[in-house]
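Protein chains in written order, with our numbering: chain H, 1 to 246; chain E, 247 to 634.
If you're looking for bench data, these hints aren't it; they were derived computationally from the structure. Be a bit skeptical, because a hint or two may be false.
Pairs of lysine to aspartate or glutamate residues, derived as DMTMM-like cross-links and limited to a Cα-Cα distance of at most 20 Å, are as follows [as the list claims (entries may be wrong)]:
(1) E/K275 <-> E/E286
(2) E/K333 <-> E/E319
(3) E/K275 <-> E/E343
(4) E/K288 <-> H/E89
(5) E/K333 <-> E/D356
(6) E/K333 <-> E/D281
(7) E/K275 <-> E/E573
(8) E/K288 <-> H/D85
(9) E/K275 <-> H/D41
(10) E/K275 <-> E/E293
(11) E/K275 <-> E/D324
(12) E/K275 <-> H/D85
(13) E/K275 <-> H/E89
(14) E/K288 <-> E/E319
(15) H/K163 <-> H/E139
Remember, it's a predicted structure, so these values are computed and weren't measured experimentally.
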Amino acid sequence: MMRPWLLAGGMLAGAVLAVFYMVRVPDVPQPVDDAVAWVGDRPIARESYERALEAVAGDRKAGTLREGDRERILDRLIDQELLIDRAIELGLHERDPQMRNQLASAMIDFLVRRAEDDASGASERELREFYAAEQFRFERAAQYRLAVEGAAVPLPDGFLLEKEIAQRLGPSVAQQVVGLNVGESLAAGDGAYTVQLVERRGGDVASFEEAREAVEAAYLRRRGELAVRDFLELARQRTSIVVELD
Amino acid sequence: MRIGQLAVLVGLLVPASAAAHQKSVSYSKWTLVADGAVVEAKVRWLELTSLPGTLGERDAPFEREQVLSYLQEHLYLDTESGPCVAKPASEVWLPAEQGWFRVEWRVSCDGAPRNLHSRLFTSLTNHVHFASVLGTPVVDLVLSPAAPVAAVAPTSASSGARGIGAYVRLGVEHILTGWDHLAFLFLLIVVASRARDVAVLITGFTVGHSVTLAAAALGFVVPNVRAVEATIAASILIVALENADMERVRGGPLVILLALALFGAAATFAGLPAFWGVMVFTGCYFALLRTLGGAERLRWVVACLFGFVHGLGFSGVLLEQELPRAELVQALFGFNVGVELGQLAIVVLAWPLLRWMRAQERGSMLIDAASFAGASVGVFALVVRAFG
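My request is simple: use the sequences and hints to build the entire structure.
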């Protein structure tokens, strides 16, 4: 026979366990102590208001606010809250295609910005690893200096990219020029003139030091792309998606 | 055998659905503007199916125009010169939860609005319409088929009293139409032999449900409605088993084990982990009863503990009304008074009758029959609420 106090303890434990799963304490929203106005139960933060004031002042020639600007800006922010309230109430975010596109874009921007902020403190080692793995991103395009004999074809005196040669002499000539060695020539225009490759440069990968800025920018871009892809993969796992196309 | 048959019969006589006894409700908000008002109304599909002929079945799409014209015809303001008129093509359909319609339209009034009328769903005698008139001050109204008209601009002297009165009535209605609360109360008092015992039990139950009703209605805790409703069903089963002395009679422990298995199944398969706690509590409770040799000394504890759970159930009625904060204390007070009045009326009427029946030659059969009926109803309700 078990001791009564032990059983009473068991009852208490059971009751506590049941209560734990039966009720929860509601989330208390963070108190906002710097609101400049309240629209219903939503605050307009002083920071948003100050930002709006700065933006308007920046648009003025004198760079300062005019009389009545402060009231007008606060009114505009209140109007904006009321409009957003109503839009949500009407479910515009669910049925207006334009708003849905804007929401999707804003969400992508948010994910990218957050990922870029995280990645902005990337170490030298991370950048070098990224550069090593993605060297193709930092290849410099080849450029050619040509000499034309036998016809008055207008060519600039400097280096040309392959696509610039194609624009001036035609795609088939551009393709053949790419295969020439320096000093070699080819006949073009049904033999009417010849094109000689005088000099070639580029066509190689920029060194890490030369490409540092491009590497940093590409690294941030890549992290942003990955953040969006990761989010979507996770969201697809969490959400039941049923495709009913035939 | 006859008792068993009686238990089954009683089980069949309980309402067709053992789901939580939801009130039939609808809502409206009236924003008073210069030439009339903007109305936002919310009604449930389920109530619409009660209307004769014109509207579709539960799963069929309703014609919005029909719903709108029904609402505009049966929910309206009046002025001294007659009813306000709905402005044509002013409706905006708003998103709503599954199973609800929510629509907004404008009305124009020839003068200041005087009364609000709700003649919605008059065939549903327990239908309650909650209206908020957003003028100065905000006025909350509770309309029903029995009281379909209310003034939208009450005098300051009458508004408070009438507001409380409506919530007292709501509390009385809730306890009188809440078969699960009644069953629990009945099972608590059916074995009480003295008026003092009844007073102790009812006090325990009242203290319990008052505390949690207030805590939930004032937003200190958020109840998990499904777990609460299933535990209320379990409370009926537990008290019924206790009344039948299951911890002592031959074969009783097996019945208790089956009940524990049912609780375990609810925790495992119905996604109600609260039932792990209910299972531990019940097992220890019956073991303690066996150790102590009787339930008398513990009954008030059980009444109080399950009172906590029933209080969370009561709070659902207040919470679903989206009451403004200022109205909450008044509503809570009125509703609780209503529940107590209803409860007291039941005890005053039922207990002398039960006492008299128990004093008859075969009076002990009453407790057995009530216990078996309670157990069958409790199991039925628990299965429906947990697995249904």
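Under the constraints set out in the numbered hints, which ones does this structure not fulfil?
No hint contradicted; all consistent.
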